[in-house]
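Modelling step: build the complete structure from the supplied sequences, incorporating the hints.
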Amino acid sequence: MIKFTGLLFLLILLFSSHTIEIIASELADYPPVLNICRGINMGNMLESPYREGSWGTILKEEYLQLAKEAGFDHVRVPIRWSDYTDKNPPYEIEESFFQRIDEVIEQAEAYGLITIINVHHYEEIMTEPAKHKERFLAIWKQIAERYQDHPDTLYFEILNEPQNKLTASLWNQYLMEAIEIIRETNPDRILVVGGAYWNNIDGLKELKLPEDDKNILVTFHYYNPFEFTHQGAIWAEGANAWLGKTWTGAFREKRMIELELDRAVKWAQENKRPLYLGEFGAYERADLESRIRWTNFVAREAEKRNIPWAYWEFNSGFGIYDPVKDQWRDELLQALIPENTD
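Basically our numbering = 1-based index in the sequence shown + 1062.
Take the hints with a grain of salt, since some may be wrong.
BS3-like mimics (lysine-lysine), calculated; alpha carbons at most 27 Å apart, straight line [unchecked claim]:
(1) K1203 / K1270
(2) K1203 / K1227
(3) K1195 / K1149
(4) K1328 / K1267
(5) K1334 / K1387
(6) K1270 / K1195
(7) K1267 / K1307
(8) K1193 / K1149
(9) K1195 / K1307
(10) K1366 / K1267
(11) K1328 / K1122
(12) K1130 / K1366
(13) K1203 / K1193
(14) K1328 / K1316
(15) K1270 / K1316
(16) K1267 / K1227
(17) K1276 / K1203
(18) K1316 / K1366
(19) K1328 / K1366
The calculated label-pair distances, taken between Cβ atoms and stated as ranges, are [as the list claims (entries may be wrong)]:
(20) E1299 / D1274: 37 to 45 Å
(21) Q1210 / K1270: 20 to 28 Å
(22) G1306 / D1388: 39 to 47 Å
Honestly, the hints are just simulated from the structure, not real lab data. Here a beta-carbon is modelled for each residue, glycine too, at the ideal position from N, C-alpha and C.
Below is the structure:
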């Protein structure tokens, strides 16, 4: 019985490995053609409230250079446009803020990085979606017009983590209108779009996309087990009770992640859309060895499935870079990019 169980286990592994190879090849064939694989979120910088730096970090040009040199090929730049946009029609975005975003995009391009800019932390639209719909669409009209002549190294991500009263049904409506507005000036630009319910995998099944628009990359976020990745996080209710949770890399722990990623892949196959893991990470209150194991496993499993990813994030609570010592947290960096030996 022991021998049979061992043989069965090996057969399952071999079958799973072969299936993943087929899936990875299939996902690679879905348009658009992507030039991204491994990215980093420049989080807590331009999406901090009121002003850049209010959460203790700003997006320095040197951070973009460091990211490129470490082996990342793209940066995801979360942006709180809503704090820099008039509250009344025509909802103009502050020119000085636009100029700051221009600067970041140009710097990233100079270092050979693809840049994903998004609408991040638009909290008001989550609680009063009808009231903020026109403002949201006006924000995208301005962004699209400003960057319409920019190279295809710039991607637009339409909204980070729709949730709360911005239901899946409402989000699909707003999304379609936003895409239509963007396509007036950017007919071929790659758009990054996620489902409702905080961009989690379950939100994919209710996501509706224009069938004839193939320049869309579908994003999801992954933070499971949540009690491990968010232990001690001050914004997560009850998180202090989770302190001490570990991730050992046991078979059942790995299998849970594999199965959840496979659910995302199943949706992608059925809808013939490429996937993007736009956020994943484990908070600093978790023990370092567990963070390293989890981070490495999620990154490698995404890559096996031909899913490009962006780690959350650069130098804050989940960060792989220490802004005080001005150096990489090498073990976390190498968990993401194993061939990096710097």
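Tested hints:
no., hint, verdict
1, K1203 / K1270, "21 Å, holds"
2, K1203 / K1227, "23 Å, holds"
3, K1195 / K1149, "12 Å, holds"
4, K1328 / K1267, "10 Å, holds"
5, K1334 / K1387, "45 Å, violated"
6, K1270 / K1195, "18 Å, holds"
7, K1267 / K1307, "30 Å, violated"
8, K1193 / K1149, "11 Å, holds"
9, K1195 / K1307, "40 Å, violated"
10, K1366 / K1267, "22 Å, holds"
11, K1328 / K1122, "39 Å, violated"
12, K1130 / K1366, "22 Å, holds"
13, K1203 / K1193, "17 Å, holds"
14, K1328 / K1316, "18 Å, holds"
15, K1270 / K1316, "30 Å, violated"
16, K1267 / K1227, "18 Å, holds"
17, K1276 / K1203, "20 Å, holds"
18, K1316 / K1366, "14 Å, holds"
19, K1328 / K1366, "14 Å, holds"
20, E1299 / D1274: 37 to 45 Å, "42 Å, holds"
21, Q1210 / K1270: 20 to 28 Å, "25 Å, holds"
22, G1306 / D1388: 39 to 47 Å, "31 Å, violated"
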